[in-house]
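Chemist: One letter stands for each residue in the lines below.
Number of protein chains: 2
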Amino acid sequence: MNESENIKEEILEMLADRRYADLKRRIDSMNPADIAGLLAEIPEEKVLPIFRLLAKELAAETFSEMDADMQEMLVRTFTDKELKEVLEEMYVDDTVDMIEEMPANLINRVLKQSDPATRKEINELLKYPEDSAGSIMTTEYMYLKEDMIVKDAFARIREVGEDKEDIYTCYVITETRKLIGLVTVRDLLLNSTHTRVGDLMEKNVIYVNTLDDKEYVAKMFDKYNFRTLPVVDTESRLVGIVTVDDAIDVLQDENTEDFEKMAAMTPSEDTYFKTSVFDHAKNRIIWLLVLMLSSTVTGMIITHYENAFASVPLLVAFIPMLMDTGGNCGSQASTLIIRGLALDEITTKDFLKAVWKESRVAVLVACVLAPVNALRIYVQYKNVGLSIVIAATLVCVVFIAKILGCALPMLAKKLKLDPALMASPLITTIVDACSVLIYFNIALRVMNLG
Amino acid sequence: MNESENIKEEILEMLADRRYADLKRRIDSMNPADIAGLLAEIPEEKVLPIFRLLAKELAAETFSEMDADMQEMLVRTFTDKELKEVLEEMYVDDTVDMIEEMPANLINRVLKQSDPATRKEINELLKYPEDSAGSIMTTEYMYLKEDMIVKDAFARIREVGEDKEDIYTCYVITETRKLIGLVTVRDLLLNSTHTRVGDLMEKNVIYVNTLDDKEYVAKMFDKYNFRTLPVVDTESRLVGIVTVDDAIDVLQDENTEDFEKMAAMTPSEDTYFKTSVFDHAKNRIIWLLVLMLSSTVTGMIITHYENAFASVPLLVAFIPMLMDTGGNCGSQASTLIIRGLALDEITTKDFLKAVWKESRVAVLVACVLAPVNALRIYVQYKNVGLSIVIAATLVCVVFIAKILGCALPMLAKKLKLDPALMASPLITTIVDACSVLIYFNIALRVMNLG
Numbered sequence: 103m104n105e106s107e108n109i110k111e112e113i114l115e116m117l118a119d120r121r122y123a124d125l126k127r128r129i130d131s132m133n134p135a136d137i138a139g140l141l142a143e144i145p146e147e148k149v150l151p152i153f154r155l156l157a158k159e160l161a162a163e164t165f166s167e168m169d170a171d172m173q174e175m176l177v178r179t180f181t182d183k184e185l186k187e188v189l190e191e192m193y194v195d196d197t198v199d200m201i202e203e204m205p206a207n208l209i210n211r212v213l214k215q216s217d218p219a220t221r222k223e224i225n226e227l228l229k230y231p232e233d234s235a236g237s238i239m240t241t242e243y244m245y246l247k248e249d250m251i252v253k254d255a256f257a258r259i260r261e262v263g264e265d266k267e268d269i270y271t272c273y274v275i276t277e278t279r280k281l282i283g284l285v286t287v288r289d290l291l292l293n294s295t296h297t298r299v300g301d302l303m304e305k306n307v308i309y310v311n312t313l314d315d316k317e318y319v320a321k322m323f324d325k326y327n328f329r330t331l332p333v334v335d336t337e338s339r340l341v342g343i344v345t346v347d348d349a350i351d352v353l354q355d356e357n358t359e360d361f362e363k364m365a366a367m368t369p370s371e372d373t374y375f376k377t378s379v380f381d382h383a384k385n386r387i388i389w390l391l392v393l394m395l396s397s398t399v400t401g402m403i404i405t406h407y408e409n410a411f412a413s414v415p416l417l418v419a420f421i422p423m424l425m426d427t428g429g430n431c432g433s434q435a436s437t438l439i440i441r442g443l444a445l446d447e448i449t450t451k452d453f454l455k456a457v458w459k460e461s462r463v464a465v466l467v468a469c470v471l472a473p474v475n476a477l478r479i480y481v482q483y484k485n486v487g488l489s490i491v492i493a494a495t496l497v498c499v500v501f502i503a504k505i506l507g508c509a510l511p512m513l514a515k516k517l518k519l520d521p522a523l524m525a526s527p528l529i530t531t532i533v534d535a536c537s538v539l540i541y542f543n544i545a546l547r548v549m550n551l552g
Numbered sequence: 103m104n105e106s107e108n109i110k111e112e113i114l115e116m117l118a119d120r121r122y123a124d125l126k127r128r129i130d131s132m133n134p135a136d137i138a139g140l141l142a143e144i145p146e147e148k149v150l151p152i153f154r155l156l157a158k159e160l161a162a163e164t165f166s167e168m169d170a171d172m173q174e175m176l177v178r179t180f181t182d183k184e185l186k187e188v189l190e191e192m193y194v195d196d197t198v199d200m201i202e203e204m205p206a207n208l209i210n211r212v213l214k215q216s217d218p219a220t221r222k223e224i225n226e227l228l229k230y231p232e233d234s235a236g237s238i239m240t241t242e243y244m245y246l247k248e249d250m251i252v253k254d255a256f257a258r259i260r261e262v263g264e265d266k267e268d269i270y271t272c273y274v275i276t277e278t279r280k281l282i283g284l285v286t287v288r289d290l291l292l293n294s295t296h297t298r299v300g301d302l303m304e305k306n307v308i309y310v311n312t313l314d315d316k317e318y319v320a321k322m323f324d325k326y327n328f329r330t331l332p333v334v335d336t337e338s339r340l341v342g343i344v345t346v347d348d349a350i351d352v353l354q355d356e357n358t359e360d361f362e363k364m365a366a367m368t369p370s371e372d373t374y375f376k377t378s379v380f381d382h383a384k385n386r387i388i389w390l391l392v393l394m395l396s397s398t399v400t401g402m403i404i405t406h407y408e409n410a411f412a413s414v415p416l417l418v419a420f421i422p423m424l425m426d427t428g429g430n431c432g433s434q435a436s437t438l439i440i441r442g443l444a445l446d447e448i449t450t451k452d453f454l455k456a457v458w459k460e461s462r463v464a465v466l467v468a469c470v471l472a473p474v475n476a477l478r479i480y481v482q483y484k485n486v487g488l489s490i491v492i493a494a495t496l497v498c499v500v501f502i503a504k505i506l507g508c509a510l511p512m513l514a515k516k517l518k519l520d521p522a523l524m525a526s527p528l529i530t531t532i533v534d535a536c537s538v539l540i541y542f543n544i545a546l547r548v549m550n551l552g
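Going line by line, the protein sequences match chains A and B. Here the first sequence is numbered in my numbering, starting from 103 and rising by one per residue. Here the second sequence is numbered in my numbering, starting from 103 and rising by one per residue.
If you are wondering where the hints come from, they were derived from the structure by calculation, not from laboratory data. Some hints could be false.
Copies of the same chain are indistinguishable here, so a pair counts whether it falls within one copy or spans any two.
[As the list claims (entries may be wrong)] Computed list of lysine to aspartate or glutamate pairs in DMTMM-like fashion (alpha-carbon distance at most 25 Å, straight line):
hint, residue 1, residue 2
1, Lys325, Asp130
2, Lys455, Glu107
3, Lys516, Asp171
4, Lys325, Glu359
5, Lys516, Glu107
6, Lys247, Asp289
7, Lys280, Asp249
8, Lys451, Asp381
9, Lys253, Glu277
10, Lys451, Asp254
11, Lys321, Glu356
12, Lys110, Glu248
13, Lys253, Asp265
14, Lys384, Glu111
15, Lys321, Glu362
16, Lys451, Glu143
17, Lys321, Asp347
18, Lys484, Asp351
19, Lys126, Asp289
20, Lys253, Glu187
21, Lys451, Asp355
22, Lys321, Asp372
23, Lys384, Asp171
24, Lys325, Glu264
25, Lys325, Glu203
26, Lys325, Asp119
27, Lys305, Asp249
28, Lys222, Glu107
29, Lys266, Asp347
My request is simple: use the sequences and hints to build the entire structure.
Modeler: Written as structure tokens, this is what we have:
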């Protein structure tokens with residue numbers, strides 16, 4: 103943390119002193135991601151002067167690492183020549199990512215400064231639906247033909263490799279661009295220069311379709327340990343590749359989305375500070391309203407048992423503890439199930455197996471919580487009846503909470519809904535109503551009230 | 103889903119009919135991860151016969167993809183020769199991952215069948231602390247010397263590349279194994295065969311230390327889009343590399359851990375079904391007990407205001423709604439902050455900025471929730487005083503919940519505790535007590551009770 107502060111001070115000082123050669127040497131030795139991070143920290147008017155000192159390729163790499171706001175600011179201030187140079191060095195998928203965040207007039211400017219072939223590719227990529235494999239792929243992949251020999255393959259890699267996002271996995275395609283195999287540069291290096299690519303290639307290629315969900319694509323990387331994955335169209339023609347770094351971004355985004363949904367929020371597109379106060383409020387209010395109004399049911403159940411707590415007011419004191427414990431038990435179960443479903447470790451076929459597991463866990467948990475609480479209440483109030491009521495209620499509440507927490511996400515999945523919606527907040531609200539109902543019914547019977 | 107069922111049936115049929123050649127042809131065309139998945143689904147006694155049909159290299163790759171239980175089962179049943187063959191083909195980091203889950207007698211068997219050099223490496227790797235970079239790295243990396251020319255480099259890659267986990271990034275080291283640079287195979291391919299490696303190499307190498315936390319290592323991959331990352335010891339000597347597939351596993355595990363902690367559970371090492379009922383209960387009980395006993399505070403506050411709800415019993419009916427809304431508001435804020443801290447999008451320096459943001463969000467949220475509820479209560483009970491009490495309480499509760507939800511995880515981070523511990527369950531419990539206290543105080547004043 104302090105180190106990056108120091109570099110920032112050092113660089114701003116060099117800029118103020120117009121020591122441009124020193125400045126250039128200093129930043130040219132840095133990693134693009136770090137330069138982008140640095141530029142995000144300094145005053146806007148100083149970004150372009152520093153950016154202009156970067157070597158051409160490094161400038162484009164740094165530009166790709168910037169967030170959308172800074173890219174937009176730079177595109178606005180770039181000369182046509184500067185914009186053209188950056189675009190030439192950028193990978194098409196990064197250009198598309200940038201364009202997707204931009205206002206229309208800037209998109210036109212970017213398209214105008216791209217060369218015609220790239221412009222066509224950009225336009226193709228922009229057509230894919232937002233969460234599809236097509237939207238995260240790049241068209242800059244290495245392809246070979248099956249009757250090439252290793253020597254030809256290397257010649258081709260040397261010729262066009264510079265512009266490809268990944269050269270280490272080369273896909274083998276037919277004249278009609280059908281994907282028929284892959285060879286790695288490792289295979290090429292470890293075989294004699296006259297071997298036919300067709301004889302070397304791995305024929306069982308795992309691929310995805312352009313319209314597959316990007317989360318599915320990301321999971322393929324997690325499962326198969328690939329560095330790149332080919333994307334084919336409906337006629338099995340190779341149209342692009344997804345690289346592992348984009349897959350990691352998708353995985354992290356999907357995890358963030360799940361965290362947000364599980365806390366009863368509409369997922370946000372942006373980081374915490376980039377999201378406006380108004381959008382934050384908007385993302386949170388709907389679920390809060392729904393849950394707030396649902397919890398009136400619990401209130402109405404309580405009102406129904408007014409006589410019970412009119413005669414034993416102490417009963418009210420245990421409502422929060424019962425509600426909280428129920429909610430916590432439910433959210434423990436639902437979190438494990440939702441996460442298991444997300445990682446494909448649990449499927450809807452495991453429904454009964456999971457319910458059976460949660461039942462047994464519930465028994466163990468209840469066997470600890472109920473006696474502890476019963477004892478505490480007895481010590482504090484010397485009231486055996488009350489101890490029994492609370493202990494018995496706890497057992498039921500723990501059991502119901504664990505079963506609902508386990509069953510509801512799986513039912514959601516079965517109904518093709520997002521299991522993450524069945525997380526703690528909703529389950530807490532449902533369990534609350536059950537808890538209160540059970541509580542007063544047990545109290546009425548054990549304590550002979552009402 | 104159905105497809106994998108079909109393959110399973112097909113393969114079991116071939117095995118039953120002793121059509122071994124067909125069977126071999128069928129599975130040899132499959133991906134190791136898929137074969138491992140398939141073998142996990144079939145009866146244990148049929149695993150070894152099928153496994154024995156696999157080509158040597160594919161067998162080792164499949165073995166690496168299996169879960170610990172199946173690996174253990176196979177190691178028990180392998181002949182010495184089979185075990186030796188599999189171990190020869192496996193990468194050292196995968197062997198270490200396997201050993202870490204095994205009982206001592208099997209570890210000895212594995213070490214005995216490994217060749218002496220590998221055995222030494224395994225023993226070295228086993229020494230690193232559990233969550234360190236050293237524990238997830240492999241020692242099978244490609245290294246070059248700075249005075250080699252490109253031609254020598256390729257000769258070396260051809261000679262030893264077969265056994266390396268990654269050959270595309272070659273690290274340049276000195277005689278004393280100090281890391282001084284890196285070249286990629288792409289650089290080697292795109293430059294003339296007589297270029298010196300020392301002239302080609304990137305000198306600003308980003309690396310990690312053997313004792314760095316593996317979560318930090320995984321984040322480096324996310325940030326820099328690397329495929330491999332070098333690991334050095336305290337004397338800057340290169341000792342291993344971490345590959346991106348292992349980094350993805352770490353990221354996913356860390357996310358799962360955060361989900362579990364945020365639902366008040368001790369993270370589990372294993373998947374949902376692999377964790378025993380007893381361990382599940384153990385992971386959940388401690389926090390449940392702590393939170394259950396803490397929520398008695400809320401109960402005691404309620405008892406303190408017994409007179410208030412004795413005169414207006416309806417007051418009790420709104421406790422669940424206030425508690426739930428407070429809990430949900432708090433967990434929304436805490437989830438966003440915890441996730442932001444985990445992704446380094448928020449740092450503890452942003453404390454005031456975050457609190458200020460949450461305050462404004464709280465105002466907007468309260469401006470919607472309070473009137474809606476006030477109106478609903480007025481319509482239902484025609485009681486202006488009650489409407490005012492609930493609306494005023496809601497405003498305070500939303501505000502406090504948002505501030506606590508935002509502040510507590512950041513304070514935890516500042517105190518070097520895990521922010522994920524300050525998630526919904528704990529914040530709910532704290533907010534509950536505040537809500538009830540505020541509620542009765544407002545009620546006493548507005549409704550002239552007590």
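Chemist: Can you list which hints this structure breaks, lowest number first?
Modeler: 3, 10, 12, 14, 18, 20, 26 and 28
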